[in-house]
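There are 2 protein chains.
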Amino acid sequence: MKNIDRKYANLLVETALNVQPNQTLIINAGPEHHEFVALLTEEAYKLKAKQVIVKFTSEQISRLHYLYQSEETLTHIPESLILEHDEYLKEDLVKLALRSPNPGLMNDVDASKVMAVSQVRGKALQAFANYSMSNQGQWLVAAYPTYNWAKAVFPELEAQAAYDKLYEYILYATRVTEDNDPKQEWEKHNAQLHKQNSALNAYNFESVHFKNGLGTDITIGLVKGHIWSGGNSPSQKGIPFNANVPTEESFTTPDRMNVNGIVYNTLPLNNNGRLIDKFWLKFEDGVVVDFDAEQGKEALEGLLNTDENSRRIGEIALVSFDSPISNLKTLFYNTLFDENASCHIALGKGYPLIENGGSMNRDELLERGINQSLIHVDFMFGSEDMHAEGTTFDGNIVTIIKDGNIVL
Amino acid sequence: MKNIDRKYANLLVETALNVQPNQTLIINAGPEHHEFVALLTEEAYKLKAKQVIVKFTSEQISRLHYLYQSEETLTHIPESLILEHDEYLKEDLVKLALRSPNPGLMNDVDASKVMAVSQVRGKALQAFANYSMSNQGQWLVAAYPTYNWAKAVFPELEAQAAYDKLYEYILYATRVTEDNDPKQEWEKHNAQLHKQNSALNAYNFESVHFKNGLGTDITIGLVKGHIWSGGNSPSQKGIPFNANVPTEESFTTPDRMNVNGIVYNTLPLNNNGRLIDKFWLKFEDGVVVDFDAEQGKEALEGLLNTDENSRRIGEIALVSFDSPISNLKTLFYNTLFDENASCHIALGKGYPLIENGGSMNRDELLERGINQSLIHVDFMFGSEDMHAEGTTFDGNIVTIIKDGNIVL
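Going line by line, the protein sequences match chains L and P.
Those letters in the first sequence? Residues 1 to 408, by the numbering used here.
Those letters in the second sequence? Residues 1 to 408, by the numbering used here.
These aren't lab readings, by the way, just hints derived from the structure by calculation.
Computed from a predicted model, the values in this text were never measured in an experiment.
A virtual CB, placed ideally from N, CA and C, is assigned to each residue, including glycine.
The reader is advised that the hints may include incorrect statements.
What the hints assert, rightly or not - Selected chain P positions facing chain L (in silico; Cβ < 7 Å):
(1) Leu47
(2) Phe56
(3) Glu84
(4) Thr146
(5) Phe321
(6) Pro324
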């Protein structure tokens with residue numbers, strides 16, 4: 001492993017995740033990443049973590065489970081799995097997930113099986129998932145290259161060149177170079193995002209209307225007292241952390257009952273190894289009432305039908321088209337990157353981004369208009385010609401995005 | 001992955017492990033092996049396995065746990081871990097472990113911590129370990145190369161050449177070539193070992209006396225009604241399987257109370273990443289009463305002091321010095337290979353190799369002279385000049401090994 005690996009590992013564990021003495025860190029990663037995960041583990045121990053628990057999951061092997069296991073076996077949740085996750089929640093827990101997509105890997109897998117597993121696991125491990133969704137402790141989603149992922153992003157290059165280029169892009173997007181101090185870069189970057197959040201919060205918009213040449217024409221209501229967030233923010237225990245590296249967005253919580261119009265995606269969505277692209281969703285009073293997709297329509301339909309609220313949205317995020325990641329003009333097939341190149345919306349569960357939201361229960365959050373679902377799936381709809389206007393609660397109209405870029 | 005990988009995977013899963021429809025296979029492997037593990041998984045599913053559960057453990061990361069975690073954290077066994085293993089035992093379970101040693105990796109780790117973890121885990125998961133020790137279901141220990149292991153075996157070669165040579169040796173030792181039918185090879189090989197077992201069983205030895213120029217001079221009593229085993233044999237459920245690939249040995253169960261003399265090791269022992277070498281053990285009435293080691297004495301002492309029976313032995317195995325693996329004249333730092341190049345003894349738990357042994361409880365087995373311990377650690381003491389004589393219960397003396405080779 002190279003020096004830059006150590007620097008990147010330190011950025012993730014110390015600067016972004018901000019691991020504290022005596023915390024328990026759970027790392028989810030692919031087995032391909034074991035050497036980098038060893039660095040992450042060591043960085044956490046240097047910060048006096050109590051323990052680091054590493055879970056390696058191979059998507060190639062998961063695909064075989066889906067192909068060969070019966071639905072009954074696939075959807076059986078062992079008692080021990082539930083107990084294990086309950087035990088984790090008794091620790092002072094932080095989570096780190098390394099995501100390396102395998103675009104299209106699951107194309108030959110029965111979508112209904114994937115959805116069935118996602119439903120039962122989602123329900124069984126809801127408290128565990130909610131721990132991060134509501135920022136009870138620090139959590140982080142980050143990326144590390146694999147040869148498979150690199151091949152999908154740079155199909156024209158040979159394996160090693162593609163891998164090296166992908167890693168170069170990841171380091172660029174995450175502000176790590178041979179010579180710089182990434183911690184300092186991230187302090188500046190976080191401050192910049194905080195400033196943007198403050199400007200958005202000061203307007204206190206009732207809704208935002210997005211429109212572009214592709215056909216998107218949608219008005220997204222925001223919940224009363226919504227807070228725009230982005231950059232690092234404190235966990236409920238008061239430890240500041242970045243939940244995504246990279247991150248370029250300001251995001252908040254839409255009103256689940258108040259979304260109307262049509263939205264066209266601008267970047268493909270790689271959901272559980274299945275590609276969904278060239279799709280549109282039509283909303284009425286918050287619900288997707290019609291949709292179509294040129295690719296992956298079945299997978300999109302499965303997603304929308306996950307549960308009673310998976311046709312409603314839980315996040316709206318603003319990203320300038322002229323952002324470091326979108327300037328790479330590269331499709332990463334990885335939401336972590338692609339969502340930071342483009343304005344996006346998440347279907348499903350909303351972040352409790354209102355005062356005291358973290359301590360509200362499901363019913364209280366629903367009452368405030370914050371969606372509750374087993375899924376939270378981002379899709380990208382930003383474009384170079386995007387225009388967005390906010391309408392404040394006192395009726396003023398303010399341009400937020402002009403020609404793709406945030407102009408506040 | 002190459003064709004030969006698929007052939008090797010098939011040998012392990014179909015021929016050796018003999019996976020049956022609706023069985024649950026647990027694979028333990030290093031994360032480096034994920035691509036080969038995907039092949040093993042697919043082979044098992046083709047045989048209609050109900051499910052394949054894969055556990056990747058990185059020894060590099062385990063080393064960090066040992067270096068940084070408190071003994072309290074290290075020795076804490078979560079309830080969920082026990083429940084999980086209880087759940088496995090409710091399945092029609094088969095186990096496969098891929099072993100790739102990292103010789104010396106744990107040299108900087110506190111031996112007492114390793115021993116403490118091994119003790120508490122051993123106790124907590126005793127029933128799970130016992131499932132294979134008593135052949136309740138099929139199980140298999142096999143190997144696959146890693147760059148680290150290859151470097152230890154062939155330090156003079158560059159990384160890829162060492163890896164390729166190690167794999168070549170593994171395939172040679174496991175009787176897999178581009179052109180052959182490994183299943184047929186193993187049928188012949190198993191038949192040969194069965195013949196050797198029958199000859200040994202026919203003599204019904206009371207004890208075996210080993211002597212060589214290095215100083216070994218030891219008499220090992222065998223339990224009454226002992227059965228020599230080797231090659232494939234049926235699980236308690238009646239499914240024939242090979243527990244080790246490769247395997248060249250005939251082995252049986254010594255009388256835990258009746259071992260006297262001194263034994264010198266001839267190949268280093270890599271135990272939990274710590275090397276123990278140039279050691280001797282002196283036995284009186286079955287117990288190690290004195291020992292020394294030029295390398296790893298502390299680790300050896302820890303091993304001997306694991307529990308009340310870890311100074312007694314549980315296995316004696318006969319291997320001709322002129323065997324395919326020993327003819328490779330290569331130190332593999334991997335017991336699976338090195339034990340098949342040399343006569344060996346295991347400290348600790350004995351296999352219940354007597355009639356109905358598999359259904360006897362701990363006390364019944366102890367009464368019959370079969371040792372019970374948390375450990376089962378093989379060490380090699382065979383040599384080119386080894387002589388061994390058996391004494392039958394009716395007082396006849398028979399030469400078993402002459403100039404290193406089995407001559408029955």
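Are Thr146 (chain P) and chain L close enough, Cβ to Cβ, to be under 7 Å, as the hint says? violated (11 Å)
So, as I understand it, the hint says Glu84 (chain P) touches chain L; can you test that by seeing if any CB pair is closer than 7 Å? holds (4 Å)
Does Phe321 (chain P) hold up as a contact with chain L if the rule is Cβ-Cβ below 7 Å? Violated - the Cβ of Phe321 (chain P) stays beyond 7 Å from chain L, reaching only about 38 Å at its closest.
Interface hint outcome for Phe56 (chain P) [beta carbon to chain L under 7 Å]: Holds - the Cβ of Phe56 (chain P) comes within 7 Å of chain L, reaching about 4 Å at its closest.
Restraint: Pro324 (chain P) near chain L, CB-CB cut 7 Å. Satisfied or not? violated (32 Å)
Interface hint outcome for Leu47 (chain P) [beta carbon to chain L under 7 Å]: Where the cut-off is 7 Å and the nearest Cβ of chain L is about 10 Å from Leu47 (chain P), the hint is violated.
Against the hints set out earlier in the document, violations occur for numbers 1, 4, 5 and 6.
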